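Colleague: This is what each chain is made of:
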Amino acid sequence: MVGPNIAFWIIALVMAYAGVRLVTTRNVVHAALYLMIVLAGTAAIFLLLGAEFLGWTQVLVYIGAIVVLFLFGVMLTRATYGESKGLDNDQRVLAATVAVIVFLVFAGAMWKAFGASTEIVLEKSTTVSELGRDLMTNWVLPFEAVSLVLLASLIGAITLARRDDPEHVRDRGVER
Amino acid sequence: MDWVDYLIRSVVAVVVFAAILGTCTLLVWFERRGAAWMQVRVGPNKAGPFGLLQTVADAVKLLTKEVFVPDSADPLVYRIAPLLSLLPAFLALTIVPFGPGFHIGDRYVPMQIADLNIGILWLLCMSSIAVYGYILAGWSSGSKYPLLGAVRQSAQVISYELVMSLAIIPVVIWAGTLSTSGIVEAQSRYHWYVVPLIVPAIAFFVSGIAETNRPPFDLVEAESELVAGAITEYGGVRFMMFFLAEYTNIITISAITTTLFLGGWNGPILFGTIAGWSVVPLWGLFWFLLKTGVLLFVFIWVRVSLPRLRYDQLMTFGWKIMIGVNVAVVLAVSFVIALMEQGALPMFWAPPGR
Amino acid sequence: MLIADAIAAPPSDWWAIAPQLVLGGTAVVIILMICVKRVDPGWNALVAAVGTVASGVFAWEQWRQVTTDANPRLAYSGMIAVDGFSAFLVLVVCVAAFLGVLLADQYFKREGIDRGEYYALLLFSACGMQFMAAANNLVMVFVALELLSICLYVLSAWNRDDSRSQEAGAKYLLLGAYSSAILLFGIALLYGGTGTTNLARMAEIFSENVTREPGLVLLGMVFVIVGLGFKIAAVPFHMWTPDVYQGAPTPVVGFMASGAKIAGFAGLFRVLETGLAAFEFDWQPLLVGLAIVTMLGGSILAIAQRDVKRMLAYSSIAHAGFILTGLASGTAAGVRGALFYLVAYVFMIAGAFGVVALLARRGERYTSLDDYRDMFRREPVLATVLAFFLFAMAGIPGTSGFVAKFAVFTGVADAHQWVLLTVGTVASVISAYFYLRLVVYMYMRPEVDEGEAQPAALPRVRWAPATVVALVLTVFFTIQLGILPQGLLDMAGKATLLF
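Just so you know, the sequences run in chain order A, B and C.
Every letter in the first sequence is one number past the one before it in numbering that gives the first Met the number 0, and letter 105, counting from 1, is 104.
Every letter in the second sequence is one number past the one before it in numbering that gives the first Met the number 0, and letter 42, counting from 1, is 41.
Every letter in the third sequence is one number past the one before it in numbering that gives the first Met the number 0, and letter 34, counting from 1, is 33.
Worth double-checking, as some hints may not be accurate.
[Stated by the list, open to error] Calculated lysine to any residue pairs in the SDA-like style (CA-CA distance at most 20 Å, straight line):
hint: 1; chain 1: A; residue 1: K111; chain 2: C; residue 2: F278
hint: 2; chain 1: A; residue 1: K111; chain 2: C; residue 2: C34
hint: 3; chain 1: B; residue 1: K143; chain 2: A; residue 2: V27
hint: 4; chain 1: B; residue 1: K319; chain 2: C; residue 2: L217
hint: 5; chain 1: B; residue 1: K319; chain 2: A; residue 2: L149
hint: 6; chain 1: A; residue 1: K111; chain 2: C; residue 2: P213
hint: 7; chain 1: C; residue 1: K170; chain 2: A; residue 2: A160
hint: 8; chain 1: A; residue 1: K111; chain 2: C; residue 2: F184
hint: 9; chain 1: B; residue 1: K60; chain 2: B; residue 2: V39
hint: 10; chain 1: C; residue 1: K36; chain 2: A; residue 2: R161
hint: 11; chain 1: A; residue 1: K111; chain 2: C; residue 2: E212
hint: 12; chain 1: B; residue 1: K319; chain 2: C; residue 2: R37
hint: 13; chain 1: B; residue 1: K143; chain 2: A; residue 2: L48
hint: 14; chain 1: B; residue 1: K319; chain 2: A; residue 2: S152
hint: 15; chain 1: B; residue 1: K143; chain 2: A; residue 2: L149
hint: 16; chain 1: C; residue 1: K170; chain 2: A; residue 2: A156
hint: 17; chain 1: B; residue 1: K143; chain 2: A; residue 2: A156
hint: 18; chain 1: C; residue 1: K170; chain 2: C; residue 2: D242
hint: 19; chain 1: C; residue 1: K170; chain 2: C; residue 2: P235
hint: 20; chain 1: A; residue 1: K111; chain 2: C; residue 2: R37
hint: 21; chain 1: A; residue 1: K111; chain 2: C; residue 2: D242
hint: 22; chain 1: C; residue 1: K170; chain 2: A; residue 2: N26
hint: 23; chain 1: B; residue 1: K319; chain 2: A; residue 2: L150
hint: 24; chain 1: C; residue 1: K170; chain 2: A; residue 2: M74
hint: 25; chain 1: B; residue 1: K143; chain 2: A; residue 2: A160
hint: 26; chain 1: B; residue 1: K143; chain 2: A; residue 2: G72
hint: 27; chain 1: A; residue 1: K111; chain 2: C; residue 2: G214
hint: 28; chain 1: C; residue 1: K170; chain 2: A; residue 2: N88
hint: 29; chain 1: B; residue 1: K319; chain 2: C; residue 2: E212
hint: 30; chain 1: C; residue 1: K108; chain 2: A; residue 2: R161
hint: 31; chain 1: C; residue 1: K108; chain 2: C; residue 2: P464
hint: 32; chain 1: B; residue 1: K319; chain 2: C; residue 2: I33
hint: 33; chain 1: B; residue 1: K319; chain 2: A; residue 2: A160
hint: 34; chain 1: B; residue 1: K319; chain 2: A; residue 2: A156
hint: 35; chain 1: B; residue 1: K143; chain 2: B; residue 2: F67
hint: 36; chain 1: B; residue 1: K319; chain 2: A; residue 2: L153
hint: 37; chain 1: A; residue 1: K111; chain 2: C; residue 2: N208
hint: 38; chain 1: B; residue 1: K143; chain 2: A; residue 2: V73
hint: 39; chain 1: B; residue 1: K143; chain 2: B; residue 2: K64
hint: 40; chain 1: B; residue 1: K319; chain 2: A; residue 2: R161
For the record, the hints were derived by calculation from the structure and aren't laboratory data.
Source: prediction; values computed, not measured.
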């Protein structure tokens, strides 16, 4: 299985580069695009592991919806061109240190656990119908709970964003 | 799969690609000539017979123009955006079965570039990625009209993407597969899905018009408001790529509507199944092209006939009407199918293909 | 092939999720009410209150079933457990939600932000807390956590025209999302180490001793503790608490402080005691350390606060420390004490924030310590009630707070964890200082120092019936649990028996 290994390393390196650029770039839109690359890399790894449905769903949801919403938000609020100030703060060094430590700890644990196996082990990939069946039987409760989460977030977002009906607005004597 | 199979597939891909480019050219010509015909004027008539070569002339003009990047633009993103627009448009077409596969000797020749078993998902992915072209073009141009166009675009596409997905779900439930060729086959024995699923069919086509930013949903590039929307600052070959992408998308939407709802390459029952004609591949291709052609005509017909919506009408229509109706349809269809499988309802229309 | 044949669905165990179903259903009903016609949100509140009570009835029935028939079980492919622990905490969540609903109506009417959706979100949140209390699968833990937190983010920002509330919402959202991510990391690592997210199965795997990767499991455990530590506001993951509690609308804080802590502790306890029981010697020192810094941190930092809401926020941190002490002791008595403490805490904190909400007046203007000077003369009843809750929190005998601390420390003493016991006692003494300081301000400090002009007297605080009911309930139970705690202690004892 040389092919998947090479593909994995290419994807991983691209993702790592994009990830670093994501936090170092000073342009919000570029950051969103780097995020897109990272997410696409994740999808590619899913595909590499034979999780076709998951991989394309990742593309559909994250790249097709979430990053687009990021871009939408950026453009609605502050579509700055070039470098924007104030994207950095002076805790860069601290943050980088923490990131490196977390990475080392993770990498160490992973290496210790799985380091011996260097091959990508492909088990039989799950078909969509199997996935759906599992969701509707064993995982039906979390599945339904997730729909509650979505409903609640919809309601929450709307109530926070919506302007009240005129007769509903009362004067708010808020003083600081 | 040995190298001959790969070769066959490559040939199919090249043929399809060339055919699409040709169709785009024709489509642009018809958009102008046909619109002129409907509006009782002449239209392009100088280049070639009936002005058929007008588009070719335009293409040559655009190809030979200077390639430039505006000063205020973000250079890299400005350059990438047209590619991001064109690529998904072509990729989406790869899953369309243009006709039944056939055998030459013992080699199987599919009339489809890639028969993915998650074809529908692929289609949705590509149409959701296609939005990047416009958004990034609008942002990277560094100018206000493109930016406004891009903002409108992202909101519009995300809204109608939902409608589109919801309109596909009944088909998937009914056919029991995510593969486009499977869906066509499920329709080959019985009625086309447009019969029981007329509401999703219309919803799909309408949201397709919205996704491709065609009139009456072309607020993204509303000339009277935004000059040319996201692509205002583009010229030459990059402009042409956007142009090409738009027309490829129109073809994709028509072809997918045909595939999902109009029976794909199946002829009407009388001509197809009973007479045993559908085994002849070119006969299937003929029906596919005919149906797609009719839908392409509708695209242009709608453009010429209907006035542009207001933005709030667009959003209200999408969120309050289309999504609501389609959610109801999804529920109803699931219910009907469950009852049919339980034997509580007769299997009228068409049994689920599972 | 027919769907019915293809899908062998697990039997629907409606009793197992009845409380959650009722809460979620009530929330949906409220939304539908709003869709049909916007009525006075008081009606929504009424429906919500009825819903919480109904949910409580189901939870009580669950409790009766699992304790008398000795019928604890797993339901829905092991997603949730129906045992004494879950039924007990589900019931407590009902109480917290009920109090949250009762205290909300008057406040939001006063602030002019009474929208019926509040109650729907509160119920959704409570539903998430109940799922958390019952969750027996890490996926369920995460989904429940998201359900309860997302609603709380919105509720914190409910007063959207007030920049303090906006700030609270934004801070809670950002840090909450961050902590969720950490929890998810932990879950992923645990899954990587064991190949399952089912806690009961995980315990089996450990007992069979076939796990290859203790490193991954330990790392995952730490991340899970950190992620849930955010939710229960344990030091050093408490940074968001004061800002959010200060900025968010006070009734929301009352509900958040009680409900989110119940859920966080439920998740923490279930994960550690069921899934990772084999690693007790690894997580116990962690919890001991957390408990120590949380108790001390909360108590000491509270002294520096001049804002009553902030002070109560730190006090809730300190309480989290005491509850953690019970878990950290690792004894049944300690866990029993922690569960008892949770109940007592729900009543105390809801009551205290209820009074603070009333005294803060419109726009939450009067929340600083100086605003409470001479409160006894101005608002004798409310001042007395608040003083009572403060005494209870300080752990004065005769109140539930005393019994709770005593029960927890009994467990610690059983485990011979003298350091923990000493620190706990010291922290209690320290915290008594700032509780009593507020009492001193209310009873003994003149409203203004000599020579300053007397401010115009405010009109007396008006009492809405719902508020009165809530305060009477909280006071009653705080006394009752202080004098006759045995019933609840027995219940808590039974609740420690996990599936």
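Colleague: Which hints, by number, does the structure contradict?
Modeller: 2, 4, 9, 13, 15, 17, 20, 21, 22, 24, 25, 29, 39
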